[in-house]
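Please construct the entire structure, taking both the sequences and the accompanying hints into account.
The listed protein sequences derive, respectively, from chains A and B. Residue 1 is where the first sequence starts when you use my numbering, and the numbers rise one by one after that. Residue 1 is where the second sequence starts when you use my numbering, and the numbers rise one by one after that.
It is possible that part of the hints are untrue.
Beta-carbon label-pair distances, calculated as ranges [said to hold, decoys possible]:
{"#": "1", "chain 1": "A", "residue 1": "A99", "chain 2": "B", "residue 2": "G134", "range": "32 to 38 Å"}
{"#": "2", "chain 1": "B", "residue 1": "V106", "chain 2": "A", "residue 2": "E187", "range": "35 to 41 Å"}
{"#": "3", "chain 1": "A", "residue 1": "A26", "chain 2": "B", "residue 2": "F128", "range": "34 to 40 Å"}
{"#": "4", "chain 1": "A", "residue 1": "A99", "chain 2": "B", "residue 2": "Q126", "range": "30 to 36 Å"}
{"#": "5", "chain 1": "A", "residue 1": "A26", "chain 2": "B", "residue 2": "E151", "range": "44 to 50 Å"}
{"#": "6", "chain 1": "B", "residue 1": "L63", "chain 2": "A", "residue 2": "A99", "range": "48 to 54 Å"}
{"#": "7", "chain 1": "A", "residue 1": "I84", "chain 2": "B", "residue 2": "K89", "range": "40 to 46 Å"}
{"#": "8", "chain 1": "B", "residue 1": "D88", "chain 2": "A", "residue 2": "A99", "range": "55 to 61 Å"}
{"#": "9", "chain 1": "A", "residue 1": "Q204", "chain 2": "B", "residue 2": "D183", "range": "50 to 56 Å"}
Among the chain A residues that face chain B by a calculated CB cut under 7 Å, a handful are [unchecked claim]:
{"#": "10", "residue": "L17"}
{"#": "11", "residue": "T49"}
{"#": "12", "residue": "T52"}
{"#": "13", "residue": "Y54"}
{"#": "14", "residue": "Q61"}
{"#": "15", "residue": "I74"}
{"#": "16", "residue": "F149"}
If you're looking for bench data, these hints aren't it; they were derived computationally from the structure. Cβ coordinates follow ideal geometry from the N, Cα and C atoms, glycine included.
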Amino acid sequence: MKSDKRKKRKKSFPLRLVIVLLILIAASVLVVLSEDILNIEIPNPFVKTEKTAYSTAILRQVRDISRLNTIEFIYKSVFPWDLIDENTDWEKLTARYQAGERLTAREFEMLSVLGISSEAGINLLDDNYSFAVITARIKAGFDFSGTIFEDPESDPETATESVIIDSETGIIRLKLPPAVITEIIIEDADSSNYEYPDLDISPQQWKTLTSILSGILEAEAEKRKITQIAEIRGREMLKNLLEAAGYSEVIFIE
Amino acid sequence: MMKKYKVVFSMMTVLLITFQSCSSPEPRTTASLELSIRSILEMPTCEQIYRDIVYIGEEQRVLFIKTLDKRLLFSVDIIIQAGIAQTDKIRITMKDGMDGAKAGAVVTIPKAEILYADADERTIEQYFIKEWGGEISRLDYYDEINRKKEELIREAEEGGLLERAEVNAEQLIRNFLTLADVDVIEFRKAADEI
Chain A
1 MKSDKRKKRK KSFPLRLVIV LLILIAASVL VVLSEDILNI EIPNPFVKTE
51 KTAYSTAILR QVRDISRLNT IEFIYKSVFP WDLIDENTDW EKLTARYQAG
101 ERLTAREFEM LSVLGISSEA GINLLDDNYS FAVITARIKA GFDFSGTIFE
151 DPESDPETAT ESVIIDSETG IIRLKLPPAV ITEIIIEDAD SSNYEYPDLD
201 ISPQQWKTLT SILSGILEAE AEKRKITQIA EIRGREMLKN LLEAAGYSEV
251 IFIE
Chain B
1 MMKKYKVVFS MMTVLLITFQ SCSSPEPRTT ASLELSIRSI LEMPTCEQIY
51 RDIVYIGEEQ RVLFIKTLDK RLLFSVDIII QAGIAQTDKI RITMKDGMDG
101 AKAGAVVTIP KAEILYADAD ERTIEQYFIK EWGGEISRLD YYDEINRKKE
151 ELIREAEEGG LLERAEVNAE QLIRNFLTLA DVDVIEFRKA ADEI
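This is the structure in structure tokens:
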């Protein structure tokens, strides 16, 4: 009888051990879930982390500007994939560069992107899945800074040539400065709304990257003729204002 | 006995499946580019430019042994721009002058507001960077820049940026109308009209 009981106890021991282990695993899973769902950080007594983030700003300049923006071109770009030409033979390009061959401006840009991508941990020569999504805004319209519209007294002769009024017919002829790209804004990333994986890149590398991207975006905006669209919209707005001021017709002269 | 082992096996399977679902999600990838052209009518008339000097540091030790040491110091200009955001709400009403005087314009314009606050990447100056045991990422320093931006917007507003932007906008419109031989009698804020 006693030996039977001992045998039963021996057989039930591994089962009890397994059940205890399963309970511990379940408890660990609950702890992990609590961290994720309830955003509770369970401190690790063996690891000590110290983070510092500090900045101080001084007012450098107050600048008066005179612009009328009438159109905005919003572009979302994926770095580095949007900056590179699809069929680039990277090995051939780097070999040509190392051999001292003459490269085009575009090829130098591509090598810069290759270099920055590599430093950012994205090796374009191998399969890689790192990227950064960048949103840029390009605004276009009129910049009246330094013109008679900012200061009518600055150049009376130009004022006379740029604004011609026919009081009898109520027609005004107006010469505006050409529409231009007035702002290129690379939106600042924010961890509260940037949901993609972060990119390891220094501020200096980021500066180079955004400089290349700005040039590309400006060219893209000009290709889409946004300055022409901006000019049409701006003229329309000014025409409405002058007609409200009593003019029967507003003619824009080149 | 077999029944007990079946129960244990089922529990283990359930737990394994639970663990699988606890693993980190796959990173998202973009499906397509977004590209849009948006009509706006805004009149920027004033900017304040701040020089922001940023320091980021992170150190980690495991049982007194240093495993991570990241430090970064750089500066960047932050631009706070103000002006009239909805220029299409500018209204001109002509009023007859007194005693046969020339008619003048009453101009209604919206209040000035902050048009944008943004770090100008062209002005980044990196003084030093140390990456030992890990790399500094973009959001590490952009979160600090964004935090500072909120502070600078408040400072700019308290310093009179919006009032200056309004004065500049009124002057620009007045210049325009003066060149068109239209006298401006009065400027009103769009809210005053309600």
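Would you settle whether the hint for I74(A) is holds or violated, based on the nearest Cβ-Cβ distance to chain B being less than 7 Å?
-> Holds, about 5 Å.
Under the criterion of a CB-CB separation shorter than 7 Å, is L17(A) in contact with chain B as hinted?
-> violated (11 Å)
Can the suggested window of 50 to 56 Å be confirmed for the beta-carbon pair Q204(A) and D183(B)?
-> With Cβ atoms ~54 Å apart, the hint holds.
Interface restraint verdict for Q61(A) against chain B (beta-carbon cut-off 7 Å) = Since chain B brings a Cβ to about 4 Å from Q61(A), closer than 7 Å, the hint holds.
With a cut-off of 7 Å, does the beta carbon of F149(A) approach a beta carbon of chain B closely enough for the hint to hold?
-> holds (6 Å)
Hint check: 7 Å Cβ-Cβ cutoff, Y54(A) to chain B | Since chain B brings a Cβ to about 5 Å from Y54(A), closer than 7 Å, the hint holds.
Holds or violated: 35 to 41 Å for the Cβ distance of V106(B) and E187(A)?
-> holds (39 Å)
Has the hinted range 44 to 50 Å been met by the Cβ atoms of A26(A) and E151(B)?
-> holds (46 Å)
Given the hint of 34 to 40 Å, check if A26(A) and F128(B) actually sit that far apart at their C-beta atoms.
-> Violated, at about 48 Å.
Taking 7 Å as the limit, does the beta-carbon of T49(A) come near enough to a beta-carbon in chain B?
-> T49(A) check passes; min Cβ-Cβ to chain B is 5 Å, inside 7 Å.
C-beta pair L63(B), A99(A): status relative to the range 48 to 54 Å that was hinted = holds (52 Å)
Evaluate the given range 55 to 61 Å for the C-beta pair formed by D88(B) and A99(A).
-> Holds, at about 58 Å.
The structure shown violates the earlier hints numbered 3 and 10.
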